[in-house]
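Trainee: One letter stands for each residue in the lines below.
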Amino acid sequence: MDFQRHDSVGEEAVVDQAAARILPHLVVIGNGMAGCRAVEELLARDAGRYRITIFGAEPHVNYNRIMLSPVLAGEKTFDEIVINDRAWYADNGIELVVSDPVDTIDRVGKTVTSRSGRTVSYDRLLIATGSDPFIIPVPGRDLHGVISFRDMHDVDHMLAAAEAGSRTGGGDAVVIGGGLLGLEAAHGLTLRGMKVTVLHIMPTLMERQLDEAAAWLLKTALEGRGQTILTGADTAEIFGDGKVEGVRLKDGREIPASLVVMAVGIRPSVALARDCGLEVGRGIKVDDHMVTSDPAILAVGECVEHDGMVYGLVAPLWEMCRALADGLVETPSGYRGSVISTKLKVAGLDVFSAGDFSGGDGTEDIVLRDASRGIYKRVVLKEDRVVGAVLYGDTADGGWYFDLMRKAEDVAELRDMLIFGQAYASGGGRADPKAAVAALSDDAEICGCNGVSKGKVVASIQGGACSLDAVRATCKASASCGSCTGLVETLLALTLGDEVETGPKTMCKCTSFTHDDVRREIVAQSMRSIPEAMQKLHWSTPDGCSSCRPALNYYLLCALPGEYEDDQQSRFVNERLHANIQKDGTYSVVPRMWGGLTSPKELRAIADVVEKFNAPMVKVTGGQRLDIFGIRKEDLPAVWADLNAAGMVSGHAYGKALRTVKTCVGSEWCRFGTQDSTGLGVKIEKMTWGSWMPHKFKIAVSGCPRNCAEATIKDFGVVCVDSGYELHIGGNGGIKVRVTDLLCKVETEQEAMDMCAAFIQLYREEARYLERTAPWVERVGLDHVKSRLVEDEGNRIALTRRFLHSQSFSQDDPWAGRAAGADHQLHRHMAEFQPMTAVAAE
Amino acid sequence: MIGDWIDIGWVNEIPVRGSRTVPVAGGEEIAVFRTADGRIFALANRCPHKGGPLSQGIVHGHSVACPLHNWQIALSTGEAQGEDKGCTPVIPVKISGGRVLLCRASTLKAAA
Numbered sequence: 028m029d030f031q032r033h034d035s036v037g038e039e040a041v042v043d044q045a046a047a048r049i050l051p052h053l054v055v056i057g058n059g060m061a062g063c064r065a066v067e068e069l070l071a072r073d074a075g076r077y078r079i080t081i082f083g084a085e086p087h088v089n090y091n092r093i094m095l096s097p098v099l100a101g102e103k104t105f106d107e108i109v110i111n112d113r114a115w116y117a118d119n120g121i122e123l124v125v126s127d128p129v130d131t132i133d134r135v136g137k138t139v140t141s142r143s144g145r146t147v148s149y150d151r152l153l154i155a156t157g158s159d160p161f162i163i164p165v166p167g168r169d170l171h172g173v174i175s176f177r178d179m180h181d182v183d184h185m186l187a188a189a190e191a192g193s194r195t196g197g198g199d200a201v202v203i204g205g206g207l208l209g210l211e212a213a214h215g216l217t218l219r220g221m222k223v224t225v226l227h228i229m230p231t232l233m234e235r236q237l238d239e240a241a242a243w244l245l246k247t248a249l250e251g252r253g254q255t256i257l258t259g260a261d262t263a264e265i266f267g268d269g270k271v272e273g274v275r276l277k278d279g280r281e282i283p284a285s286l287v288v289m290a291v292g293i294r295p296s297v298a299l300a301r302d303c304g305l306e307v308g309r310g311i312k313v314d315d316h317m318v319t320s321d322p323a324i325l326a327v328g329e330c331v332e333h334d335g336m337v338y339g340l341v342a343p344l345w346e347m348c349r350a351l352a353d354g355l356v357e358t359p360s361g362y363r364g365s366v367i368s369t370k371l372k373v374a375g376l377d378v379f380s381a382g383d384f385s386g387g388d389g390t391e392d393i394v395l396r397d398a399s400r401g402i403y404k405r406v407v408l409k410e411d412r413v414v415g416a417v418l419y420g421d422t423a424d425g426g427w428y429f430d431l432m433r434k435a436e437d438v439a440e441l442r443d444m445l446i447f448g449q450a451y452a453s454g455g456g457r458a459d460p461k462a463a464v465a466a467l468s469d470d471a472e473i474c475g476c477n478g479v480s481k482g483k484v485v486a487s488i489q490g491g492a493c494s495l496d497a498v499r500a501t502c503k504a505s506a507s508c509g510s511c512t513g514l515v516e517t518l519l520a521l522t523l524g525d526e527v528e529t530g531p532k533t534m535c536k537c538t539s540f541t542h543d544d545v546r547r548e549i550v551a552q553s554m555r556s557i558p559e560a561m562q563k564l565h566w567s568t569p570d571g572c573s574s575c576r577p578a579l580n581y582y583l584l585c586a587l588p589g590e591y592e593d594d595q596q597s598r599f600v601n602e603r604l605h606a607n608i609q610k611d612g613t614y615s616v617v618p619r620m621w622g623g624l625t626s627p628k629e630l631r632a633i634a635d636v637v638e639k640f641n642a643p644m645v646k647v648t649g650g651q652r653l654d655i656f657g658i659r660k661e662d663l664p665a666v667w668a669d670l671n672a673a674g675m676v677s678g679h680a681y682g683k684a685l686r687t688v689k690t691c692v693g694s695e696w697c698r699f700g701t702q703d704s705t706g707l708g709v710k711i712e713k714m715t716w717g718s719w720m721p722h723k724f725k726i727a728v729s730g731c732p733r734n735c736a737e738a739t740i741k742d743f744g745v746v747c748v749d750s751g752y753e754l755h756i757g758g759n760g761g762i763k764v765r766v767t768d769l770l771c772k773v774e775t776e777q778e779a780m781d782m783c784a785a786f787i788q789l790y791r792e793e794a795r796y797l798e799r800t801a802p803w804v805e806r807v808g809l810d811h812v813k814s815r816l817v818e819d820e821g822n823r824i825a826l827t828r829r830f831l832h833s834q835s836f837s838q839d840d841p842w843a844g845r846a847a848g849a850d851h852q853l854h855r856h857m858a859e860f861q862p863m864t865a866v867a868a869e
Numbered sequence: 282m283i284g285d286w287i288d289i290g291w292v293n294e295i296p297v298r299g300s301r302t303v304p305v306a307g308g309e310e311i312a313v314f315r316t317a318d319g320r321i322f323a324l325a326n327r328c329p330h331k332g333g334p335l336s337q338g339i340v341h342g343h344s345v346a347c348p349l350h351n352w353q354i355a356l357s358t359g360e361a362q363g364e365d366k367g368c369t370p371v372i373p374v375k376i377s378g379g380r381v382l383l384c385r386a387s388t389l390k391a392a393a
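Those protein sequence lines, which keep their order, are chains A and B. Each number in the working numbering corresponds to the 1-based position in the first sequence with 27 added. Each number in the working numbering corresponds to the 1-based position in the second sequence with 281 added.
There may be inaccurate statements among the hints.
[Claimed, not checked] Restraint ranges, calculated between C-beta atoms of paired labels, are given here:
{"id": "1", "chain 1": "B", "residue 1": "I376", "chain 2": "A", "residue 2": "D377", "range": "38 to 48 Å"}
{"id": "2", "chain 1": "A", "residue 1": "D819", "chain 2": "B", "residue 2": "I376", "range": "55 to 65 Å"}
{"id": "3", "chain 1": "B", "residue 1": "G378", "chain 2": "A", "residue 2": "K763", "range": "54 to 64 Å"}
{"id": "4", "chain 1": "B", "residue 1": "K390", "chain 2": "A", "residue 2": "I762", "range": "17 to 27 Å"}
{"id": "5", "chain 1": "A", "residue 1": "K536", "chain 2": "B", "residue 2": "S377", "range": "34 to 44 Å"}
{"id": "6", "chain 1": "A", "residue 1": "A298", "chain 2": "B", "residue 2": "K390", "range": "39 to 49 Å"}
{"id": "7", "chain 1": "A", "residue 1": "S126", "chain 2": "B", "residue 2": "D288", "range": "37 to 47 Å"}
{"id": "8", "chain 1": "A", "residue 1": "R733", "chain 2": "B", "residue 2": "A306", "range": "51 to 61 Å"}
{"id": "9", "chain 1": "A", "residue 1": "D377", "chain 2": "B", "residue 2": "A306", "range": "47 to 57 Å"}
{"id": "10", "chain 1": "A", "residue 1": "T258", "chain 2": "B", "residue 2": "S377", "range": "50 to 60 Å"}
[Stated by the list, open to error] Stretch by stretch, here's where chain B covers chain A in the computed footprint (C-beta under 8 Å, at least three residues):
{"id": "11", "stretch": "233-245"}
{"id": "12", "stretch": "566-574"}
[Said to hold, decoys possible] Which residues of chain B face chain A? A partial, calculated answer using Cβ under 7 Å:
{"id": "13", "residue": "V297"}
{"id": "14", "residue": "A317"}
{"id": "15", "residue": "D318"}
{"id": "16", "residue": "G319"}
{"id": "17", "residue": "R320"}
{"id": "18", "residue": "Q337"}
{"id": "19", "residue": "I339"}
{"id": "20", "residue": "H341"}
{"id": "21", "residue": "A346"}
{"id": "22", "residue": "P348"}
{"id": "23", "residue": "P373"}
Since the hints were made in silico from the structure, they are not lab data. C-beta atoms are modelled at their ideal positions from N, C-alpha and C, and glycine is treated no differently.
Bound-form chain B, shown alone (with noise of 0.2 Å):
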């Protein structure tokens, strides 16, 4: 598992319908949403509009609407939703006795 997935934390860490972001060195961060149904996303915490902090937003559903333009982003694809047009890159995430593991892969290609 050491090598292809990033142990970033406890699930509990993540507020429900909140978010934390984790740092990626050289690079962006990731933000990582708990949603109301205790399921857990991870996307580039920028939005595909002008790059505002996707982690600071309303989660609500299985989206988060974007603090600077209130931009809705689907959190399992990152799509921007209704009629505005965008896609924020979306990192798998799993979840292992109670850990949030995030790809290694997707979160370097995502924060570079």
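In isolation and in its complexed conformation, chain A is listed as follows (with noise of 0.2 Å):
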């Protein structure tokens, strides 16, 4: 040992100099959460062991850098966060070094030297620099105003932008980063009086802890408060005179701001090391006690890198600091990795997640979602044991799931409570009967004397045995002593809604309500996305499944449109790619032709299509257009793109929407045509294209009783007689042929067209989603139908104005949008992102 070199630095040294004579010295590069941790642990173990010396680039004392939100939201003063004041320091004889980070390290001589050109030697180093914010290489990252959100520099930094901008009234700042780090900035500058718009470049905020759900819910729950949150937003550039003016987003849009806060994560801080020659990873490469590729060296925190992980959280850190603490003593314990537990609070918001909740093979979920209290909990076992946990609202039993994940206890006999939380699972709860019983497993028994298990007395009610006496007679279950009745009289009650009696079935499997439930549920409460409906309607699957998804997509629609949040990936291949699946993968295509006419440019245009990409079939199809077949994926824009320019929009021949209106050639030509059927033709479908339905829907108008265009068959028909037009509905020319209802006479095309948009809105606010007018007009009855329309002229007017007002949003060509939008890459195969010349046989 040097004890020369010691002495040459000690001037400032507060420690007893005849102490520091035989005592190594540790020097420690960092004087953050982790280092000061790391020093306060081996002080605990052995005070007299080490002389050390911290050195630190910021100019404060050792403080609590996750309270940094609550200093810039003004919960809490600086004063408020310090972990270590300067007498603690000066107590434990430790050197403090401020305002001066080190800038090489000899791992030769065994000298760190700092930016002032401090040098001092070391018998043992600990690294511990943390981390450094990531900055999107965008444009303008550099103009003045732009901020990451690291430390009491970056916070003193916001709060002068927050008071600036109150002496003109509020000003505008912009986060990048819809992460934790970014969520707890928004929250400050929205107290701070800032006008914040969160940016997030993923379809869900912080969707590393959050599934969709929950993520939703904290969405809306900011929203609330005030923030503007987008997601999905790309950031172009930030632009500005020398000075933050903006942000501009990829799809152009532009967002005022004075102040840039970038939160969108953070890299382990690692050039020292690396310039030293130390082994680095992403992080630096540490053994269980914390110790480098050079024994000499140690480090701690978010800058190592242990087992391939590196931490982003406290708790790993403190539990870092206690395995190199020991490592440091002597007395090897070893650290072995961390299990990761999130806990955030943003705004009195409480989320928490743990663990592996992605969920997948062999793994359960456990949901339970309160609407009204606006609570979320998700679960996830695997083998009887937790592996990770979701909860938004009531965060309380977090630390209950995360300890039994880390323990990984067999949690069988706990498993029907577990998701009430650790108070009603030990036997001491409150909780609501009905949802106990909800909460019991399948195999769980109902009745003790015949041996029924709740599995099979809800199959029997989604079965059809919708009361108690049905389900004695077909599960026997409560058909004896009766002492069960109480239960299934409840699981009636959750497998029906409260349609008990006469209910049908429910939805799905993931859910306990009822089509007509969810519908009404839908209007009532103004929903507006399918997070949404789902968590208000306590959907029991994190994300549905592919029966009722498509189903809540379409409810949203009728329910709100132009309000609504469409979800693409929740409707069927051919709405998501406007063209029809065929057997062998490839799509047809079918142009719009109004009321089945056409014209020599549309029809070479459609020759045309057919040469330039080979289709090998062109059909006439039942509704009188013209069926391109035959077209691979990867060519639909282009094909859209040469239709459109000839003026041809899409036939919605591939959607659950009104596909075409048949006619014959009526007056115009037909030696017995009453009316213009063709023109009347034209002009329902010219009001009625784009409308998205329950199902499929087709239209006919024909020009006389001898009914050419088959208006018989279709789910509405128009029969032109002498005197004016016989409106039909209900029927169907698909697997069960019906032979459309008369539903009135009217006199004028006006009326027909009014009669026509009433009925279509009627269908679409009342039919359950993939339920034709057919059989919904046999379920609800023709008199039902008439009273809604033809006998009540105020609710005829009203629905005639809500399709109309629907109408105003849909009847936008998808051909186009897609073919020259910003998604017409969905179309495209990865391999023209990325060419790939690497996957050929070899």
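Dock chain one against chain two, each of which comes alone in its own frame, and use the hints as you go.
Mentor: What follows is the structure in structure tokens.
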């Protein structure tokens, strides 16, 4: 040991020089949470073992970086977040060097040199440099007013910006990054009076910690607090003249801002370690005692990589510091990596996540959604052990789940009560009995006399047993002593919703509500998105299934056209790709030909497309349109573009939508025609095209009772007669042929059009998803339809008005948008993003 | 890494609850899925039932519904769910630095 060198730097040392001569010197680079915690742990074990010097880049003593958010929010002062004040350094004989980061490490000479030129020798060196904020490389990132959210300096900058804003009536701030850090920055700035927009590149907030459902709740709550949250927002540049003026997104939107906070992530600060030749992966590589590739050098905290993992949270850091301190006093314990949990509180919103909540093979989800209290809980089990949890709104049991998870405890015994939390599961709770029954497992016994499980009771209810008597008759539950009658009644209520006696089946296995319940609640609560509906209606799966998602998407569309959020991924492929998928995976394309009419220009365009794209077949459809077959998926945008160029729009031959209006030639050419059926057909198609329906919908207009357009097997049919128009409904030429019912007769084209719109809207609002008009009319009865349309003029006018309102949003050609718009890439192969010659047979 | 794994592009290029396809020279396509929770899976792009392009199905949880006849295929095992029987080859995937890597040997085998 080189005592001489120690002496040469000892001028400011508070430490007893006599002691220093015999103690080895521990130098710590980093005065943050990890560095100081490691020192605390060391002091707790053996205060007299090392002489200690700590270098800090910031001018401050050791403070709690996690508490910067409350400082920003004005809930705490800096003094309140100091962990160790100057007295602590003095009392423990630690030399603290502030505002002077270490620039180089000389491993051979065992010295470090700081920016100011101070050189200190060490016996053991501890690197605790933490991490650096990641700055996305967009133009304008160096403008004045663009900052990160990492230290007190950043907080001071934000406070100054908020102060400047308040003098001019509130400034605009943009926070880039919808992760934990970004949201905390946004919250603080909001409380400081700034108008805050959060830009997040991913579709949901905090996607690493929260699943979609919890993220939706968080977003909704933050918006309720006045923030603007833009997801899927990709920053193109930050603009301004010397000082930041705003952010421009890749889609062209501009958001004004006098302050931009970049909080998109952190990366381990490894430059110092790399420069001196230590082994570095994503972080500085350390063993189980936090020793780097140089035995004299240790590293701890966010700057390290242990067993392939880097950590950005505080709990693993504490565990590392314990292992490190044990190693320093030669009582090895060893760090074995950390299981992570995240607990966040933003503006009183509680969020918790831990472990692996992504589900998957062999895992089971237990989901509890309490819409009225804004609570969402999801616990993921694998082989009767908790492997992950996401909690929103009530995180009181987060620690308990985390503990069960870390200990890998068998929770088979607790399983039914698990989701209600520790108090309930351990018998002390006061939970809703209905919820408790809902939480019972399928093989839990309901009826002891007859040995009937919950699963069997539910199956019999779903199989049509809609009353207590029916359940008794079909599965024998509650048919003997009757002591389980209450349980069976609860199961009936849970399974069928309110309509216990007559109710139809639930929408799908993801919910206990029926289609009708769901529709009613969506309208009553003005729901706007699928995650919102799933939360408010207590969905029991995280993101639904292929049966309920398209239905929910349609019900939202119908309830609040123009306001709901369409979810493309909840639409069937035909509606997503605006073409019909065929058995070989190619598509067919049907351009709209209004009323079945066409022109040389359109025919040429179609012929050209057929040739250009080698379509193997063109066919006239039953609805009098031309169907071009065998188009490859990647050619679809080009096909649409070519057809659009000739003035043609999508025929919606692929959607649960208005398909075609079939016509005959009517009075214009036919010697029997009584009215202009072709003209009326064109008018009706112009009014109704683009409308989404519960199922496909076809219309026809025949010019006389000879009915050449086959109007009496269509969803809505018009048969022209001398005295006016007979209007028919509920016909079907499909699997089960059904002839229409006569709805009424009207005298003018306008009345026929209005009635058509009203009928469509009644069907759109009342039928269940995937229910065509024929079974719907049979289910509700012709009298019901007549009473709503023919006998109630006010209602008919209102329906017509609602239909036309909805049409004002839906009559845009999906082909045009997709061929040219931002999502035309949806149709492109991944290989076209990233040309890939690599995948060739070897 | 090069040789054993094929880099096919950024994770973000795959829509959430959606997929992209990767053509293989002289073979069938691979479908690469991204689920709501951010996981990535890869399967041969054909349903074990009638060869439907699974990439075009509705992704829910860790399953995809075949667009032709609504068979539900588990993304992690390729197995048809429920009463249906059949299996689609699964290709091991890993994510590195935000990029999606497919196991080369399995890709070539599945596409053959």
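Trainee: Would you mind marking each hint as holding or not holding in the structure?
Mentor: Hint-by-hint comparison with the structure:
1. B/I376 <-> A/D377: 38 to 48 Å: For B/I376 and A/D377 the Cβ distance comes to about 30 Å; the hint is violated.
2. A/D819 <-> B/I376: 55 to 65 Å: Distance hint for A/D819, B/I376 holds at roughly 59 Å.
3. B/G378 <-> A/K763: 54 to 64 Å: holds (56 Å)
4. B/K390 <-> A/I762: 17 to 27 Å: Once the Cβ atoms are compared, 41 Å apart, the range 17 to 27 Å for A/I762 and B/K390 is violated.
5. A/K536 <-> B/S377: 34 to 44 Å: Holds, at about 37 Å.
6. A/A298 <-> B/K390: 39 to 49 Å: holds (43 Å)
7. A/S126 <-> B/D288: 37 to 47 Å: With a Cβ separation near 44 Å, A/S126 and B/D288 satisfy 37 to 47 Å, so the hint holds.
8. A/R733 <-> B/A306: 51 to 61 Å: The hinted range 51 to 61 Å holds for A/R733 and B/A306, with Cβ atoms some 58 Å apart.
9. A/D377 <-> B/A306: 47 to 57 Å: Given about 52 Å between the Cβ atoms, the range holds.
10. A/T258 <-> B/S377: 50 to 60 Å: This hint is violated: roughly 25 Å between Cβ atoms.
11. 233-245: Coverage by chain B holds here, the residue count being 4 at a Cβ distance below 8 Å.
12. 566-574: This one holds; 6 residues, not fewer than the three required, reach chain B with a Cβ under 8 Å.
13. V297: Since chain A brings a Cβ to about 5 Å from B/V297, closer than 7 Å, the hint holds.
14. A317: holds (5 Å)
15. D318: Holds. Min distance 4 Å.
16. G319: holds (6 Å)
17. R320: Given a least distance of 5 Å, the restraint on B/R320 holds.
18. Q337: holds (4 Å)
19. I339: holds (4 Å)
20. H341: Since the shortest Cβ distance to chain A is 5 Å, the answer is holds.
21. A346: This interface hint holds because 4 Å falls under the 7 Å limit.
22. P348: Because about 4 Å separates B/P348 from the closest Cβ in chain A, which is inside the 7 Å limit, the hint holds.
23. P373: violated (14 Å)
Violated hints, in rising order: 1, 4, 10 and 23; the structure is consistent with all others.
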